[in-house]
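Asker: Whenever a hint applies, use it, and build me the whole structure from the sequences.
Number of protein chains: 2
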Amino acid sequence: MNHLKDYNRISPAVIKRLPRYKRYLSDLRKKGIERVSSGKLGELMGCTASQIRQDLNNFGGFGQQGYGYNVAALSEEIDGILGLAKNYKLVIIGVGNLGRAVHNYVSAYNKEYTIGAIFDVNPDIIGTNVGTHTILDVSQLPAHLSENKVDIGIITTTLDGAQEIANLLVNGGVGGIWNFAPLDLEVPEEIAITSVHISDSLQELTFYINNGNNL
Amino acid sequence: MNHLKDYNRISPAVIKRLPRYKRYLSDLRKKGIERVSSGKLGELMGCTASQIRQDLNNFGGFGQQGYGYNVAALSEEIDGILGLAKNYKLVIIGVGNLGRAVHNYVSAYNKEYTIGAIFDVNPDIIGTNVGTHTILDVSQLPAHLSENKVDIGIITTTLDGAQEIANLLVNGGVGGIWNFAPLDLEVPEEIAITSVHISDSLQELTFYINNGNNL
Numbered sequence: 110m111n112h113l114k115d116y117n118r119i120s121p122a123v124i125k126r127l128p129r130y131k132r133y134l135s136d137l138r139k140k141g142i143e144r145v146s147s148g149k150l151g152e153l154m155g156c157t158a159s160q161i162r163q164d165l166n167n168f169g170g171f172g173q174q175g176y177g178y179n180v181a182a183l184s185e186e187i188d189g190i191l192g193l194a195k196n197y198k199l200v201i202i203g204v205g206n207l208g209r210a211v212h213n214y215v216s217a218y219n220k221e222y223t224i225g226a227i228f229d230v231n232p233d234i235i236g237t238n239v240g241t242h243t244i245l246d247v248s249q250l251p252a253h254l255s256e257n258k259v260d261i262g263i264i265t266t267t268l269d270g271a272q273e274i275a276n277l278l279v280n281g282g283v284g285g286i287w288n289f290a291p292l293d294l295e296v297p298e299e300i301a302i303t304s305v306h307i308s309d310s311l312q313e314l315t316f317y318i319n320n321g322n323n324l
Numbered sequence: 110m111n112h113l114k115d116y117n118r119i120s121p122a123v124i125k126r127l128p129r130y131k132r133y134l135s136d137l138r139k140k141g142i143e144r145v146s147s148g149k150l151g152e153l154m155g156c157t158a159s160q161i162r163q164d165l166n167n168f169g170g171f172g173q174q175g176y177g178y179n180v181a182a183l184s185e186e187i188d189g190i191l192g193l194a195k196n197y198k199l200v201i202i203g204v205g206n207l208g209r210a211v212h213n214y215v216s217a218y219n220k221e222y223t224i225g226a227i228f229d230v231n232p233d234i235i236g237t238n239v240g241t242h243t244i245l246d247v248s249q250l251p252a253h254l255s256e257n258k259v260d261i262g263i264i265t266t267t268l269d270g271a272q273e274i275a276n277l278l279v280n281g282g283v284g285g286i287w288n289f290a291p292l293d294l295e296v297p298e299e300i301a302i303t304s305v306h307i308s309d310s311l312q313e314l315t316f317y318i319n320n321g322n323n324l
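If you read the protein sequences in the order shown, they are chains E and X. Just so we're on the same page, the numbering used here is the position in the first sequence counted from 1, plus 109. Just so we're on the same page, the numbering used here is the position in the second sequence counted from 1, plus 109.
Among these hints, one or two may not hold up.
No copy is singled out in the list; a pair is fine if it fits within one copy or between any two copies.
No more than 20 Å apart at the CA atoms, straight line, and that leaves these computed lysine to aspartate or glutamate pairs for EDC-like [said to hold, decoys possible]:
no. : residue 1 : residue 2
1   : 125       : 293
2   : 125       : 309
3   : 131       : 221
4   : 139       : 246
5   : 195       : 309
6   : 140       : 233
7   : 131       : 295
8   : 139       : 309
9   : 125       : 185
10  : 220       : 246
11  : 195       : 143
12  : 131       : 309
13  : 220       : 188
14  : 198       : 136
15  : 140       : 256
16  : 131       : 269
17  : 140       : 221
18  : 195       : 269
19  : 125       : 188
20  : 258       : 152
21  : 140       : 295
22  : 139       : 269
Derived from the structure by calculation, the hints contain no laboratory data. Here the structure is a predicted model, which means the values were calculated and not measured.
Answerer: Right, dumping it as structure tokens:
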């Protein structure tokens, strides 16, 4: 699908919600539901019909008055917007428990994401296998990046060394970094980055336990 | 520290940023830096001085004109706001790679969080140890919750069964749920919940790779 629209002016908050829309639409599809109103979708997702319409209007309204949204069409449109119609090559650096969990997650995708190689610094696990991948020494990362097109580098190392790994990924020409290390990495402006800060999320929860819920 | 303020009217976006402030202030403390201006803090965190002041004013301005913020005092104040001056008892349900990674994360806290018990459904791992904890059968969860005060239930299971586990946690009287399963759980309003939706974050990154960066 070719998108001529400029999505850059859409707020990050809306972009962040798109994968959530995708999850709910997938559920509806699995249940054989072919169309859904903004009211019903809002009810499922815990927001108002008008919020749903406002979000989706950002991408050109896909709904039809009196009909609602075609579930399959909207789902595919969101896949197109997110860029999931293509295939992305990934590398994982850091093959501890978290790296293995991420490896499992990503391996569950059929076509959108493919793991090219996985790396670690620990000599005890280098050369062993995770699924169909053999863990490589992280010193081989620059060579791997220069010989292969890699779209996304996944950092599942501890804090120490994470910035250095990010620099190697940037110099190796990746398009984006998916960061799980508990720091904000410094990367050039043209590199996309999202971080999963696990501890931040636990502390946020702790606030709500003490100060009332966040629903 | 006793907080008489009502923090409920503070926007979720500000709450979400507090752990990030905490990380930057910890870094400054480790470097022996005793005070920081809103300008310098903004520079480090990639935002404006006025955004920093606006965020922190929500909790009563801790800064002093011409002096800036006392790093230690601000850091402790944020700990107090987040509720990190207390100790929380946790249980983990789902001891796969992700559950083990979360177990490691939480175990690194000295006093704020303590893991009380860990559970799984897989007979092959029930009875084996993770750190100092023995994996219990998930059928023992209700009894554990009735015999122990548990503040936070951590769900690191797959999608299937996650809602059922959430129901057990709610019935067992937990204050909050930290959810890693890829769905939005339904819980009563008084239960705090934060979710780490790993796949959502990867899809968000994919959008930015295709449509320019998010900085």
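Asker: All hints, please: hold or fail.
Answerer: Tested hints:
1. For the homomeric pair residue 125 and residue 293, the shortest alpha-carbon distances inside one copy (18 Å) and between copies (15 Å) are both at most 20 Å.
2. Taking the closest pair of Cα atoms, residue 125 and residue 309 come within 20 Å of each other both inside a single copy (17 Å) and across two copies (8 Å).
3. Taking identical chains as interchangeable, the C-alpha atoms of residue 131 and residue 221 lie at most 20 Å apart only when both belong to the same chain, with a minimum of 14 Å there against 36 Å between chains.
4. When the C-alpha separation of residue 139 and residue 246 is checked against a cutoff of 20 Å, the pair qualifies neither within a copy, at 42 Å, nor between copies, at 31 Å.
5. Proximity of residue 195 and residue 309 under a CA criterion of 20 Å is satisfied inter-copy only: 17 Å between copies versus 31 Å inside one chain copy.
6. Taking the shortest Cα distances, residue 140 and residue 233 never come within 20 Å of each other, neither inside one copy (46 Å) nor across copies (33 Å).
7. In the homo-oligomer, the alpha carbons of residue 131 and residue 295 lie at most 20 Å apart only across protomers (18 Å), although the nearest pairing inside one protomer, at 30 Å, exceeds that limit.
8. In the homo-oligomer, the alpha carbons of residue 139 and residue 309 lie at most 20 Å apart only across protomers (19 Å), although the nearest pairing inside one protomer, at 33 Å, exceeds that limit.
9. In this assembly of identical chains, the alpha carbons of residue 125 and residue 185 lie at most 20 Å apart only when taken from the same copy (17 Å versus 31 Å across copies).
10. For the identical chains of this complex, residue 220 and residue 246 are neighbours neither inside a copy (27 Å) nor across copies (36 Å), given an alpha-carbon limit of 20 Å.
11. Neither within a single protomer nor between protomers do residue 195 and residue 143 lie at most 20 Å apart by alpha-carbon distance, with minima of 25 Å and 49 Å respectively.
12. Taking the shortest Cα distances, residue 131 and residue 309 sit within 20 Å of each other only across copies (9 Å), while inside one copy they are farther apart (25 Å).
13. Taking the shortest alpha-carbon separations for residue 220 and residue 188, only the intra-copy value of 12 Å comes in at or below 20 Å, while the best inter-copy value is 43 Å.
14. In this homomeric assembly, residue 198 and residue 136 never come within 20 Å of each other (Cα to Cα): the closest approach is 27 Å inside a single copy and 34 Å across copies.
15. Taking the shortest alpha-carbon separations for residue 140 and residue 256, neither the intra-copy value of 44 Å nor the inter-copy value of 39 Å comes in at or below 20 Å.
16. In this assembly of identical chains, the alpha carbons of residue 131 and residue 269 lie at most 20 Å apart only when taken from different copies (18 Å versus 35 Å within one copy).
17. For the homomeric pair residue 140 and residue 221, neither the shortest alpha-carbon distance inside one copy (23 Å) nor that between copies (43 Å) is at most 20 Å.
18. For the identical chains of this complex, residue 195 and residue 269 are neighbours neither inside a copy (33 Å) nor across copies (28 Å), given an alpha-carbon limit of 20 Å.
19. When the C-alpha separation of residue 125 and residue 188 is checked against a cutoff of 20 Å, the pair qualifies only within one copy, where the shortest distance is 13 Å, while the shortest distance between copies is 27 Å.
20. When the C-alpha separation of residue 258 and residue 152 is checked against a cutoff of 20 Å, the pair qualifies neither within a copy, at 43 Å, nor between copies, at 34 Å.
21. Proximity of residue 140 and residue 295 under a CA criterion of 20 Å is satisfied inter-copy only: 19 Å between copies versus 43 Å inside one chain copy.
22. Taking the closest pair of Cα atoms, residue 139 and residue 269 come within 20 Å of each other only across two copies (14 Å); inside a single copy the shortest separation is 43 Å, beyond that limit.
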